[in-house]
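Here the protein sequences line up with chains A and B, keeping their order. Residues 1 to 262 (our numbering) make up the first sequence, in order. Residues 263 to 577 (our numbering) make up the second sequence, in order.
Be a bit skeptical, because a hint or two may be false.
As the list claims (entries may be wrong) - According to the in silico footprint, chain B covers these stretches of chain A (three or more CB under 8 Å from chain B):
id, region
1, 70–82
2, 88–101
Stated by the list, open to error - Residues on chain B that point at chain A, a partial pick, calculated with CB under 8 Å:
id, residue
3, Ile442
4, Ser447
5, His458
6, Asp542
7, Arg544
These are computed hints drawn from the structure, not numbers from a lab. Yeah, the Cβ is synthetic: ideal placement off N, Cα and C, and Gly gets one too.
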Amino acid sequence: MTTLLEVEDLTVTIGGRPVVDGVSFVVVEGGRLGVIGESGSGKTMTALAIVGLTPDGAEVTGRVRLDGEDLVGRADRSYAALRGERVAMVFQDPRTALNPVMRVGRQISEPLRLHRGTGRREAARLAVELCERVGLPDPERTARAYPHQLSGGQRQRVGIAMALACRPALLIADEPTTALDVTVQAEVMALLRELVVSDGTALLFISHDIALVSGVVDDVLVMRDGRIVERGPVATITGAPEHPYTRQLLDAARRTSYGRRS
Amino acid sequence: MSEPSESPSERSSWFGELWRSWPGRIGAALVGILVLAAVVSLVWTPYDPKQVEPRQKWLPVSWGHPFGTDGAGKDLLSQVLVGARTTLLVAVLTVVLAAVVGLTLGVLSAITPRLVGESLAYVIDVLIALPTLILALVFVAALGGSVWTVSLALGIGSGVVLARVVRAEVSRVLTQDYMITATASGSSTWRSIWRHILPNIASTVIVQLSLIAALAVLAEAALSFLGLTPVSTPSWGRMLESLQQTITVHPGALVFPGLAVVGATLGFNLLGDALRDAVDPRLRGRSATVSPVFSSVVDRVEDPAIAPVSGGGGT
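One chain only, chain B, in its complex shape (with noise of 0.2 Å):
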């Protein structure tokens, strides 16, 4: 007994573990953009967002207006800015409500009684089939549309989507013979699901909640885009929309809050990478490496599994 064969890694931050790597870097930058743009809205914009100045119209990027104006003389850049409230309220309110849906479906799914836990599983497959912006549509057609109304579509949408991974994932940690060392020592199933059971399923879920975070970002801009939310909030997906009916003319209007919506995207998806391995002491100190498989919420369409199989013969 002589070797501690690595040196135990001492209390570190998380945020100390997040900037170890280059996407935990880019990822933090990015968001924490989103969320300076976001709150600097609130009390400072450089124009009135609202604010018609026909003899302003269609100006090009310079000093006084960053990134140009739209057909209205609106400045672009405070319409960006007053987007990004939005774009991060619908985000975190989607990943809040996904986590609280997901993670209670998934664990009760796994952990109650065969016949309970199956059946569970079946209304949980039966809701993911319904399409998450198809659902949103059709909250937004019962409730109206609203920040809110497009927030729990897209949060029980993305919810069971997770919830599912959250099953199978519990599933796992359940068979482990750490959790009978936990029974063992007197640990209540409660007890258990709170310090052996969440804390092993973490990093996954963590995963899962950023993709749900970016997908939120571009289903609130696809909703808004199509209208679908109220004139009165400002929202990326509108500008797109209102700008891209002079796309041919005026193309270069569309590159700021298109590269908005990338870059909020692209941010919520590298920042949960990066707080996996964060989260993981088993994955701390190490590079970055590509993310395991994992369902994806964006891509289940093309599960091989569910896709048409194509070519009958040929090899």
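Only chain A is shown next, with the shape it has when bound in the complex (with noise of 0.2 Å):
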């Protein structure tokens, strides 16, 4: 298994203070890792340091290798090229991440006509075939939908297309569920579950919930105050933990879900 990505001694200041403190792993291509944290804990960070994104004022320090080449301080238009063609990311709120102005073909293929040359016709055809992928009803007449015309998971079966478009190498999911209601929250891991391993893309699942995280990825790290206090196979995180606070995310799991976990 060759690395995909190689975080090391990744730091991310916000006014002083450390919000990520030091964080180190590796994904290997087609590996899938879980970031288990609360809110605060800097998960959603680390994944905007990995892609760039952190907003105005935060210093990044560390090293962030993606297929052996260093990210962190690179010129924004090289990070650009990177963007939704070698790494994707999916995020929370489905409801507010899409242009409510652009129909929904035009964006899922938007980042086929960035970073491949499609052109017009090519791409809305490829449109409707990532929403026929994602198991959108009715793809054809989706594709020509505009945002507020689908449902929570519709839409956000929008942005895991959007995201996988170019067949990037690395999906970063930050919390892709979690504004989702349960029904629905199971068909989208189960739809992310599906595509992640037929194309071998390696995934970044972020999440708090520890219970929704063991059924996706292989290994799992545990964050608290920026810091890593636990890593392991999901299977060892979750049946023998070590540290306090993972017991503890893991009685919160087992209270709120009901033995929806195997």
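Combine the two chains into a complex, taking the hints into account.
This is the structure:
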């Protein structure tokens, strides 16, 4: 297995306070890694730092290597060439993550047009294909719809289709199901898993819900206050957690998920 | 996953959307009449609008002279038709210039680094403080009166007002999640401006531009009423000025040029409101509603924040 993403001693400082503090991990090609932690643990900021989307005023140090190339401190232009092509993201809230005045088909094919120079007509055809691939009903028509005409789950499927349009090597999913209701959550998780496995896409799955993550990933990192407190294969972490914080998260998951997990 | 919650709207023409509401219909009709009058006047008018006929003076409305004649016996319909050219030209030039000035300044002041953006915003605020009509007077004094000078002044004057609205709108759009989605897909700043920012502020800008067009119609009439445009340029304002001298004797002659100004102003306002609904997919298919709060070009002096507070004690 070759290394795809290598994060080494990553630190993100905002206003003098480190929100991510010396985080290191590796994602191999096709590997699936979960990052668990409560809000404020620095998991989302870690993801944003990888794609170079930290907010203004955030200072990023350490190393992020994708395909062996260093990303931190890269010029915006060369970063933009990677985003959507090698690394793509799925965001938390599908209600706000799509442009409200652009037809979803055009949004899905936007990465293709940006990175592959796909023509308008070809892009429209591929958008319909992608709609079908992520299980959107009536793909022809859905591609012509505007985001407000779709349900939350459908919109998140659009977000996934958009992220996977260029078949990236790494998909970062930042709490992609948190804003959805539980039945839809399960469907979206199943879809995500299926697509990632069939494409051999590496996955970095970020969530506060350890139960949810355990169904999709092989390994898990547990983060707290910007640091990694525990790491290991899913079975080990859920079966025999060492750190008290991990146990706390597991208890919380058991209490709320009612045996939804195996 | 079963439901598309509403049927996605099929590809529909803008004009079709426009025609769905009454304001859209009336606005399109009024502006259509203005354009038609301007175009027709280029090739045909019932009489030569400058032909003095002393024996035909102050004729009432008739088949021969649908709008009557003035004190020199000149046909009023012909004058109104020819005047439409000037009105339309000023409105179009002003809107184009205001859009260029407003969008450029507004977008730049919102997306450039903080220091540059804020400085630009201050410059915009200072320019807004100059009343558009006074600016027009200065331009006419400095450059000589012409349709171009008037349009230049109105375009710049209303463009800076638009810039402030655009700045606020762009700042709002920049914080939206879909901008991050776009960047995460590899979209560059300029591409995001074209594909995401401008389409999302379009409805607001259209309402503002329609107000600016209406303002331009009124301002052109006012400036030529004051005699600031050359005598050779036909204008509704100039007609009103010469006719108002005899308003007590022949009030009827003022009705048609007056209605022309009102109609053009109303037309642009209604058209703008309907266009906003047609452009924004979220508003399509609804009946026209009262437009949201916007800082009107005309009413900005009456902003409650600026207006003096009246009544010290009594409640």
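For each hint, the structure was consulted:
{"no.": "1", "hint": "70–82", "result": "holds (count 5)"}
{"no.": "2", "hint": "88–101", "result": "holds (count 10)"}
{"no.": "3", "hint": "Ile442", "result": "holds (6 Å)"}
{"no.": "4", "hint": "Ser447", "result": "holds (4 Å)"}
{"no.": "5", "hint": "His458", "result": "holds (5 Å)"}
{"no.": "6", "hint": "Asp542", "result": "holds (7 Å)"}
{"no.": "7", "hint": "Arg544", "result": "holds (6 Å)"}
Comparing the model with each earlier hint shows no violations; every hint is respected.
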